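Novice: The primary structure of each chain is shown beneath.
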Amino acid sequence: MRVLRHAVLVLLGLVWLAPTYLIVGNALRPATEYDPADAMRPPTDFALFANIGEVWERTELGPSMLSSLLYSLVSPAAAVLLGALAGYAIVVLRLRRGFLWFMIIYGGSIFPFQMLLVPLFVGYSKTPLYDARSGMILIYTAISVPLAALVMRNFFGGIAVSIFEAARMDGASTFRIFWRIYLPLSWTAMAAVFILEFTFIWNDLLFGLTLTQSESTRPVMTELSALTTDVYAGTPVPVALAAGLVVSVPTVAVFLLTQRLFTRGLTLAQV
Amino acid sequence: MTAQNTLLRKAAPGDTGPRGPGARRPGRGFALFGRFRPAFVSPAVLLVAVLLYLPFVWTAWLSLTRYDGLGSPEFIGLDNYTRLLDDPALGTSIRNTLLWVLGTTVLPVGLGLLVAVLSYDVKGGGWYRLPFLLPYAMSGAGLGLVWGFILQPEGVANRFLGFLGMPGADTAFLSDGPENTIAMIVVWTWQQLGVNMLLFVVGLQSIPRAPIEAARIDGASGWRLFRHVIWPLMRPLTTVVFGLALVASLKTFDIVWVMTQGGPGRTSETLAVTMYRDVFVADEYGYGSAVAVLLTTVTGLASYLYMRRQIGKEDR
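Here the protein sequences line up with chains A and B, keeping their order. Heads up: the first sequence begins at 251 in our numbering, then just goes up one per residue. Heads up: the second sequence begins at 3 in our numbering, then just goes up one per residue.
Don't take each hint at face value.
Stated by the list, open to error - Ranges between beta-carbon positions, derived for each pair:
(1) ALA257(A) to PRO213(B): 56 to 64 Å
(2) TRP233(B) to ASP420(A): 45 to 53 Å
(3) LEU72(B) to LEU350(A): 37 to 45 Å
(4) ALA257(A) to LEU80(B): 56 to 64 Å
(5) ARG85(B) to LEU316(A): 37 to 45 Å
(6) ARG226(B) to VAL253(A): 17 to 25 Å
(7) ILE78(B) to GLU415(A): 58 to 66 Å
Said to hold, decoys possible - If we take Cβ atoms under 8 Å as the criterion, some of the chain A residues that face chain B in the derived model are:
(8) LEU323
(9) ALA327
(10) SER475
In case anyone wonders, no lab produced these hints; they're calculated from the structure. None of these values were measured; they are calculated from a predicted model. By construction, the Cβ of each residue, glycine as well, lies at the ideal position given by its N, Cα and C atoms.
Please construct the entire structure, taking both the sequences and the accompanying hints into account.
Specialist: Below you can see the structure in the form of C-alpha cells.
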C-alpha cells in the first residue's frame, strides 16, 4: 500500500515534469540550434540570457512588463483600501442595511467579464480612458474591489467591538480608528488579498486586448499573446519559450516568497 | 461565485444581530458618527456601479440591437437570440464549452485530490508536490504560448511521443475539432492540478485528527479510511473547489485565445471566445452581446443549480 502510494506519486510527478523539462530545456538552447527532432536532448550551451535579450529586442515585452507592474501594484492596493473602508462601514460602524450594500459590492464579481467588454470598449473610446494607463488602473481596481470587500468584511467581523469602543472613549475619530487600529490589525488579510489580486492582474489578457492598443499601455500578457499571431511569426521557439518564462518570473517570485500567505488568501477568498 | 454566497452567509459575522458575549447595540456615541458611514462605502459602491453594473445593463440592452460600434444601436428585438439558435459556430462553441466543463472539473480537480490525498501525510510530501506546483506559476497566456510551440505539427510533442515510442506521434494536436479542445484541456490540467492540490492539502491538514485516529484504532485503513472518514470530513472543501472549477471552466478564454484563437475554422471556440470574436473581429456588437448574455445566463444557472444541489445534500 505504502509502496503503491509512492509509486503513483513519483510516476505522476515525472509525467508532470516532462513538459517542464521540455520548456525550460529548450528555453536555454541557443535559438539557432533549435531543431524539434532534438528537443528532448539537454541543451549543450546555456543561452537563456541571449534568448531573453532577443525577446527584449524583438518585442515590446520590457515596457509592457513595466506597465503591468504598475497596474498590478496600484490597482490591488486601491482595491484593498476601498474594500477595507467598505467592510469597516458595514461591520464595525454597522451601516444600515449593511448586508445589502455588501451584496451590491460583492455581486459585481459574479458575472463573466464578457458582459462588460462592449460597453467598456465603447465608453472608454469616447473618453481619454481608452488606451491609457489610468483607464486600465480604473477597471482593474473595479474588478478587484468585490473580493477585497468580502475578505475585509469577514476579517473585521472577527475583531472585538470593545477595541472600537475603547478607542472611541479615548476620543479617536472614526477614520482614525480605521487607519490606526483596524488597518494595522488586518495586514495579513490585506496582504493575502493583495497577492491574489496582483497575480490575477499580472495574468490578465482580456482587458488588455480590449482596452489598449499602443505598446506603452499594453499589459504584458496581451503583448505576449501577440507572439503567437502573425505579427511575430518566425520567432524562434527558444526565444518564445524564454519569453513565456520571463513573464512568469514576478508571479513565481511572489508565489514562492509568500506561499503561506498565498494559500491563506485562496482559503480566505472562498469562505 | 454564487457558490460562495451561501457559504459566506454562515461564515460572516457582524452584519446583523448580536455578536456573542459582551456585544451590545451601538449607543449614542455611535449614532453621532453615523452620518459618516455612507462616506466609507460609497467609493467602493460607486466604482462597482459605474464600471461593473452599468456595463452589465448596457450589454443586456445591446443584445437587443444591431450595432457595429459606429453610429447608434438599432433596436431589433429578439432577432439576435433567434439567430443564435441556428448559428453552427455557436453549436460548436457550446459543445467545446461543455467539454471544458467536463474536462476541467474531472481532471485537475480529481487528480489534484488524488495527489493531495496520497501525499499529505507522507514524509517529504512537499517534494512530491513540487512538480505539480511549478506549472501553476505560469499564466494562461504564457501557458498557451509555450504549449502552442510544443504542440505545433512536427513539434516537440510529436517528436517526444515518437521518441518514447508512444501512439499519437503523428497527431496534429491543434488542427481538428474536438481534438484541439481536448489537447488544450490536457494542457490546462497540467497547469491547474497544482492549485487544486494545494487547496486540498490545506483542507486535509486542517481536518480534525481525532476521528481519523479513532477509525484507525477500529481497524480502518487505506481506501475505507478515506471513503468513510476523510472524504465526509472534507466535503465542504470539495464543494467549494469543485464549484470554483465549474464556474471558471465556463468562462475559459485565455488559453484558447493564445493557442488557437478559436480556430482553425472556429473549431476550438468556447462561448467566451465566440463572444470576443463576434464583437472585436466581426464587429457585431449586438450579436456578441447576445452571446455574452447567454454565457452569463449559463454561468449563473450552473452555479445556482450546483449550489442548490449541494445545500440540499447538507440538509439531509
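Novice: Now tell me, hint by hint, if it's right for this structure.
Specialist: Hint check results:
1. ALA257(A) to PRO213(B): 56 to 64 Å: For ALA257(A) and PRO213(B) the Cβ distance comes to about 28 Å; the hint is violated.
2. TRP233(B) to ASP420(A): 45 to 53 Å: holds (51 Å)
3. LEU72(B) to LEU350(A): 37 to 45 Å: The hint (37 to 45 Å, Cβ to Cβ) holds, given that LEU72(B) and LEU350(A) are roughly 40 Å apart.
4. ALA257(A) to LEU80(B): 56 to 64 Å: holds (58 Å)
5. ARG85(B) to LEU316(A): 37 to 45 Å: holds (43 Å)
6. ARG226(B) to VAL253(A): 17 to 25 Å: holds (19 Å)
7. ILE78(B) to GLU415(A): 58 to 66 Å: holds (60 Å)
8. LEU323: This interface hint is violated because 17 Å lies over the 8 Å limit.
9. ALA327: Result: violated, 14 Å to nearest chain B Cβ.
10. SER475: holds (5 Å)
In this structure, the earlier hints numbered 1, 8, 9 are contradicted, and the remaining ones agree with it.
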